[in-house]
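At position 285 of the sequence shown the residue is numbered 284 (numbering that gives the first Met the number 0), and the sequence of numbers has no breaks.
There's no promise every hint is true.
Using 27 Å as the maximum straight-line C-alpha spacing, the simulated DSS-like pairs for lysine-lysine come out as follows [as the list claims (entries may be wrong)]:
| hint | residue 1 | residue 2 |
| --- | --- | --- |
| 1 | K339 | K5 |
| 2 | K5 | K294 |
| 3 | K275 | K285 |
| 4 | K389 | K415 |
With beta-carbon atoms standing in for the labels, derived distance ranges [unchecked claim]:
| hint | residue 1 | residue 2 | range |
| --- | --- | --- | --- |
| 5 | D247 | P347 | 46 to 52 Å |
| 6 | P387 | K366 | 35 to 41 Å |
| 7 | G66 | M0 | 19 to 25 Å |
| 8 | P387 | D87 | 44 to 50 Å |
FYI, nobody ran anything at the bench for these hints, they're computed from the structure.
We put the beta carbon where it would ideally sit given N, CA and C, even for glycine.
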Amino acid sequence: MQTPIKIAIVGSGLVGSLLAIYLKRAGHTVHVYDRSQDIRTVQFSGRSINLAMSHRGWRALDHLGLGDDIRKIATPMDKRAIHLVGQDLNYQYYGKEGESIYSISRGELNRRMVSLAEAEGVEFFFETRIWDVDLATATLHTGETERGNWTDIKYDKVFGADGAFSRIRHRMQRQNRFDYSQQFLNVGYKELNIPANEYGTHKLDKNSFHIWPRQEFMLIAMPNIGGSFTCTLFMPFEGEKSFDSLKDKEMLEAFFATHFPSTKDVIPNLVEDFFKNPTSTLVTMKCYPWTFEDKVALIGDACHAIVPFYGHGMNAGFEDITILNEMIEKYGDDWLTIFKEYEKSRKPNADAIAELSYRNFLEMSSKTADANFHLQKKIEKHFSQKYPDKWLPLYSRVTFSHRPYSEALALGDRQKAIMDEVMKLDGINDKWNSPEVEEHIIALLAEKAE
0 MQTPIKIAIV GSGLVGSLLA IYLKRAGHTV HVYDRSQDIR TVQFSGRSIN LAMSHRGWRA
60 LDHLGLGDDI RKIATPMDKR AIHLVGQDLN YQYYGKEGES IYSISRGELN RRMVSLAEAE
120 GVEFFFETRI WDVDLATATL HTGETERGNW TDIKYDKVFG ADGAFSRIRH RMQRQNRFDY
180 SQQFLNVGYK ELNIPANEYG THKLDKNSFH IWPRQEFMLI AMPNIGGSFT CTLFMPFEGE
240 KSFDSLKDKE MLEAFFATHF PSTKDVIPNL VEDFFKNPTS TLVTMKCYPW TFEDKVALIG
300 DACHAIVPFY GHGMNAGFED ITILNEMIEK YGDDWLTIFK EYEKSRKPNA DAIAELSYRN
360 FLEMSSKTAD ANFHLQKKIE KHFSQKYPDK WLPLYSRVTF SHRPYSEALA LGDRQKAIMD
420 EVMKLDGIND KWNSPEVEEH IIALLAEKAE
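Given only the sequences and the hints, what does the whole structure look like? Please build it.
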């Protein structure tokens, strides 16, 4: 057990709330600060992408015995449902039988996490602006305005869980030898909605992650418990087919009729939602170091914000907490070592999932509509089921395992090189599950391992 200390967490989002529970159960006094209102008292503003909880996220919750409570607001999705223009619906199953990712409303989960943390004895201070932090003394500076009078609040440790535009990280960036980069995609997103049927049932298959892939843009839909779907339209900001090009009701309706005709009867409030909801940005942010001495540490999006196309922003943040907790259990009161080992373990894995997430945008928007891609996935799944000790598909390694993201990226690159060779075989469409192809893959695995 650690010696009880006084800890502040800046940010009451998913990662901040779960971290607060971990630290409170470890015996510490935990205060959480957030500049926003209590999320339990406000409606979301139409800028949400549903979460996809997978093994890494569930592990962090189950360790505290919270997983079953959260599963009550989650919907399992065992496959992608691919909607192509003028073609039948195509299903692509994610993993082995029984393996699913889980769709959860971001707002609903965040409300639940805050309540669970309060029940543990964590204190929340909403509508409290943290403008700065003294790194050497773990002192927060709060006040009504950035240039007005501030109040100093001293803690033993401070965690910055305040997202991609973190105030805590902003202070750390002013140190010497602090590396920082951010990169915005030229693609943004807008939330839309598929309401439930009259009796609360889903208009589309509720156990599927629905994708309308259209090369440079796409629409996705993820189920909610009450029968609705949260939809997200990803498009370039400018250009011929972009948010900027859809200026009025007629242009919007014509665009959807051409590119997403199957949504006509399921998105009744298309025009209202499109012009009411904001167009949001997507950013990848990297930095290092994540800690300052034994006083301050960053966690979650505050130190590794990623684009959402692998569905692992929350899962990666929750895994940060798992690794931090392992270090706490291993090193006790040696917070300097805890922080150093935490950031050393997580940094390469955060960089890896950032790269994987960017690549998955290309897969979701383009490759899911490609027949060769479908065949390749079929070959991989067949080979993996027959030789599970030799091949675990990249998606399964990322989503249905706890292996490091960096390992998944490296092995995924190796597997891609092998499959590129396999797909060149003459007659691969007809002999994809033949002993010849299996032997070829085994030979390439041996060759690439050398």
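Verification of the hints:
1. A hinted pair counts as satisfied when its Cα atoms are at most 27 Å apart, and K339 with K5 qualifies at roughly 20 Å.
2. For the hint linking K5 to K294, the alpha-carbon distance of about 11 Å falls within 27 Å, and the restraint holds.
3. Between K275 and K285, the direct Cα distance comes to roughly 32 Å. Violation of the 27 Å bound is thereby established for this hinted pair.
4. Distance hint between K389 and K415 is fulfilled; the C-alpha atoms sit about 14 Å from each other, no more than 27 Å.
5. The hinted window of 46 to 52 Å between D247 and P347 holds, with their beta carbons roughly 48 Å apart.
6. The hint said 35 to 41 Å for the Cβ distance between P387 and K366, and at roughly 24 Å that hint is violated.
7. Distance hint check: the CB atoms of G66 and M0 are about 24 Å apart, consistent with the given range 19 to 25 Å.
8. As the Cβ distance of P387 to D87 is approximately 31 Å, the hint placing it in 44 to 50 Å is violated.
Against the hints set out earlier in the document, violations occur for numbers 3, 6 and 8.
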